[in-house]
Amino acid sequence: MSDARAPGEDWVLRTNKLSKQFGDRCDLCRSVDPSVLERNFCPKCGTVYALRSVSFDLYRGEVLGIVGESGSGKSTILNCLYYDLEPTSGEVFVRDFEEGQTNIFSVSGQRRRHIRNHVLGKVYQNPVHGLRMRFSSLANIAEKLIAAGNRTVGDMEDRARNLLEHVNIPTFRMKEAPANFSGGMQQRVQIAKALSNNPPVLLLDEVTTGLDLSVQAKVLDLIKQIRRDFEISMLLVSHDLAVVRMLADRTIVMLNGTIVERGLTDQIMEDPQHAYTQELVYSLL
Amino acid sequence: MNPLSNYAFLDESSKREIRRATLKAISIPGYQVPFASREMPIARGWGTGGLQLTLSLVGKGDRVKVIDQGADESVNAVNIKKLVSSTTGVEVTEFTASASLIQSRHRIPEEPLQADQILILQVPIPEPLRLYERSEAATRKLHSEKEYSGAYLILFEQIMRYGRVSTGADHPVMVNDRYVMAPSPIPRFDNPKMDSSDALILLGAGREKKIYAVPPHTRVVSLDFKDHPFEIESVEGRCCRLCGATGVYFDELQDNETGETFYQCNDTAHCLSLMNAEDGV
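First to last, the protein sequences are chains A and B. In terms of our numbering, the first sequence opens at residue 20 and continues consecutively. In terms of our numbering, the second sequence opens at residue 25 and continues consecutively.
Derived from the structure by calculation, the hints contain no laboratory data. Bear in mind the structure is a predicted one, so any value in this text is a computation, not a measurement.
Below, in silico cross-link-like pairs of lysine-lysine (DSBU-like), each with a Cα-Cα straight-line distance of 35 Å or less:
no. : chain 1 : residue 1 : chain 2 : residue 2
1   : A       : Lys194    : B       : Lys165
2   : B       : Lys165    : A       : Lys36
3   : B       : Lys39     : B       : Lys217
4   : B       : Lys48     : B       : Lys84
5   : B       : Lys165    : B       : Lys217
6   : A       : Lys194    : B       : Lys250
7   : B       : Lys48     : B       : Lys105
8   : B       : Lys217    : B       : Lys48
9   : A       : Lys36     : B       : Lys170
10  : B       : Lys233    : B       : Lys165
11  : A       : Lys36     : A       : Lys63
12  : B       : Lys105    : B       : Lys39
13  : A       : Lys194    : B       : Lys170
14  : B       : Lys233    : B       : Lys106
15  : B       : Lys233    : B       : Lys217
Output of the computed footprint for chain B on chain A, the stretches with three or more beta carbons under 8 Å from beta carbons of chain B:
no. : segment
16  : 122-132
17  : 153-162
18  : 170-177
We put the CB at the ideal spot given by N, CA and C, even for glycine.
Full structure from sequences and hints, please.
Right, here's the structure in full:
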């Protein structure tokens with residue numbers, strides 16, 4: 020191997036003690052003892068602890084699954100990583116930004132945009148959040164390229180057409196706005212947009228939820244193919260264990276804002292240790 | 025002059041507030057300065073922003089010219105001129121060269137402006153990113169971070185749809201390499217006149233409550249792409265049927281009976297002065 024880094028040091032994204040709470044906190048919940056919380060909120064002041072000191076590494080080329088019930092903090096992680104939410108505390112390092120030496124929350128708005136446009140791509144559950152519905156599909160993909168400094172229409176159009184072809188959008192519909200597309204097509208345009216700048220890290224938030232089964236299969240196939248073709252690391256949030264089992268190498272199980280179990284996906288599916296994980300796995304139809 | 029009105033209609037403190045906003049706008053070229061837009065005796069959207077700028081600046085020695093779509097004699101221009109002259113008693117004029125304040129909608133005069141003149145443009149939508157982002161709070165943040173991919177995206181979308189940039193007017197410009205600005209709905213033909221202009225250019229949006237400015241000798245660059253450079257409307261092969269001028273911005277007219285298309289200077293004052301020169305007036 021040409022990579023001289025020690026095993027375990029080949030991370031592309033490192034999350035260290037990420038916390039996010041909504042509310043003012045009180046004396047009761049400021050105490051370090053997490054047992055005062057009722058599920059993930061403080062019974063006295065109502066402060067919600069969406070994330071409590073979450074740490075994990077994402078390695079090069081791997082797909083890391085994040086599972087858990089609604090409100091467990093899965094999407095909050097992705098929202099913080101993509102700057103849609105400001106975390107209350109914690110650090111995140113990205114290998115492709117200043118060699119992973121700088122906490123990405125410590126930098127200015129302009130550099131945050133740089134990270135969003137060059138290092139990360141995100142696919143939202145609802146395409147409304149990831150696309151400009153009234154702009155053409157080509158322009159949607161060009162948006163990220165423009166933001167990254169490209170000023171040549173011909174180049175951007177070629178790149179956008181390539182990507183849209185890759186996600187099976189017919190050529191004659193590329194100039195159409197995603198508002199006219201079906202949910203599955205919108206999701207595929209969103210994936211193409213997220214890939215436009217070859218980001219080393221892709222964030223996928225419930226990408227197949229709400230799609231019918233045959234379309235789900237197409238989107239999952241696409242993700243597998245992208246992973247093979249581009250060697251992108253992915254964080255895959257889903258409450259659908261079947262999706263995670265199919266795509267993820269490793270899996271994190273979340274409950275009430277904390278990680279309760281982590282390990283190889285097969286291990287977690289076959290031999291769950293934590294009571295909640297057992298419940299989750301056995302409820303799989 | 026109407027003795028019952030304040031000088032220049034507005035009360036002194038209003039004028040001072042507008043002038044203060046104007047000064048700020050001049051010191052930050054292209055930046056939209058909010059101001060407390062007043063109720064005016066014309067409807068919002070009919071040039072109240074420009075009118076308030078004119079009224080806050082007009083002094084005893086000034087000569088005011090008002091243009092609407094290039095014409096000095098259209099209803100809106102005439103009404104604004106009447107209001108200015110009846111509340112101040114200053115002279116109004118049609119000759120570009122002899123005016124000290126020029127309020128305009130949709131055009132920058134053909135005659136090059138001088139250092140002692142001020143051009144005031146009426147603006148309907150001052151935010152160049154509005155089509156891309158609806159929220160004012162969000163567009164302000166984009167301006168503060170100099171994040172203008174939205175302005176380029178709007179142009180890119182036009183190229184995708186129509187094969188070329190289709191801004192008939194209000195083509196966005198970069199001012200002093202810092203702020204992207206809506207130049208008001210002037211035709212692309214007039215954009216280059218803003219670059220390093222000798223005259224001060226002020227822009228007022230009454231409904232949107234914004235004032236912004238291009239100070240004299242400021243660099244103004246129209247946004248474009250490397251393979252789609254900015255171009256003004258072509259006026260080649262056209263000439264004015266009244267004065268014979270070429271290389272100016274034209275109105276296209278059609279004869280209802282013969283169906284024949286002909287062109288005429290859009291700037292009526294410029295046309296008149298050319299015809300006068302021909303006749304030796």
